[in-house]
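S.K.: Here the structure of chain A is known, so what remains is to put chain B in place on it, guided by the hints.
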Amino acid sequence: RKEVEQDPGPFNVPEGATVAFNCTYSNSASQSFFWYRQDCRKEPKLLMSVYSSGNEDGRFTAQLNRASQYISLLIRDSKLSDSATYLCVVRLNDYKLSFGAGTTVTVRA
Amino acid sequence: DAGVIQSPRHEVTEMGQEVTLRCKPISGHDYLFWYRQTMMRGLELLIYFNNNVPIDDSGMPEDRFSAKMPNASFSTLKIQPSEPRDSAVYFCASRSGTGVWELFFGEGSRLTVL
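Same order as they appear, the protein sequences are chains A and B.
Take the first sequence: its letters are residues 1 to 109, numbered as in our numbering.
Take the second sequence: its letters are residues 1 to 114, numbered as in our numbering.
Next comes chain A alone, as it looks inside the complex:
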């Protein structure tokens, strides 16, 4: 079983729509959680950390459910520039991050 599993998508949404997707992780001892964004043929960049109580960063909302071991990301009022692959990332210990394969989002005009 993979450590982090994501729906690969793609999610094709019109501008202004809301899109949401999840990932699940297998290790209940995972310490912290993140969403990274990767544009086509670019490097991954941190989008946001995910906190136990849930958190927002502008149009982005992240949720964590430790009991069910899943993390979600919701994007409101989608922009064309939100088109990217979103990587669910779990920190297993002091040094190791485990990356999901990514969920591709395409926002169309």
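Calculated from the structure, these hints are not laboratory results.
One should not assume that every hint holds.
[Stated by the list, open to error] Which stretches of chain B does chain A cover? Using the computed rule of at least three CB atoms under 8 angstroms from a CB of chain A, they are: (1) 65-75; (2) 96-105.
[Said to hold, decoys possible] Calculated cross-link-like contacts (lysine to aspartate or glutamate; reagent style EDC-like; alpha-carbon spacing at most 16 angstroms): (3) A:K2 <-> A:E15; (4) A:K96 <-> B:D56; (5) B:K78 <-> B:E11; (6) A:K2 <-> B:E44; (7) A:K96 <-> B:E44; (8) A:K96 <-> B:D30; (9) B:K78 <-> B:D63.
[What the hints assert, rightly or not] Selected chain A positions facing chain B (in silico; Cβ < 8 angstroms): (10) E43; (11) L97; (12) A101.
We put the beta carbon where it would ideally sit given N, CA and C, even for glycine.
M.R.: For chain B alone, coordinates are given in the frame of chain A:
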């Protein structure tokens, strides 16, 4: 501020040749990581260094792969001999030992082994 710098950005080589990828981490970062990304396997951690010392190389696929960090501002990943299945994007990343747990990635080295 300069980010993580990798070279070369693209490398095309023939099977059996030696490949050397280079990385300059962000100044002051204590940790350096080498990742490989393919469509099939996603992002995989190959090796990481803390204060120039290799800590965990369990992700290195086989003896053909080696990595060094001779000083705080430079690291290399070497593949010898290269094989077509080594074709991938190799990312170097660094992070600070304090504060927010965030990895900063270089732009990657896209390797094609023919």
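S.K.: Take the hints in turn and mark each one as holding or not.
M.R.: A quick look at each hint next to the structure:
1. 65-75: violated (count 0)
2. 96-105: holds (count 5)
3. A:K2 <-> A:E15: violated (33 angstroms)
4. A:K96 <-> B:D56: Satisfied, since the Cα-Cα distance of roughly 10 angstroms is no more than 16 angstroms.
5. B:K78 <-> B:E11: Since the Cα atoms of K78 of chain B and E11 of chain B sit roughly 13 angstroms apart, the hinted pair holds (cutoff 16 angstroms).
6. A:K2 <-> B:E44: holds (12 angstroms)
7. A:K96 <-> B:E44: Distance ~10 angstroms between K96 of chain A and E44 of chain B Cα, so the pair holds.
8. A:K96 <-> B:D30: Distance ~14 angstroms between K96 of chain A and D30 of chain B Cα, so the pair holds.
9. B:K78 <-> B:D63: Measuring from Cα to Cα gives roughly 10 angstroms; hence the hint holds.
10. E43: OK, holds: E43 of chain A within 8 angstroms of chain B, min 4 angstroms.
11. L97: holds (7 angstroms)
12. A101: holds (4 angstroms)
Hint check: violations occur at hints 1 and 3; the rest are consistent with the structure.
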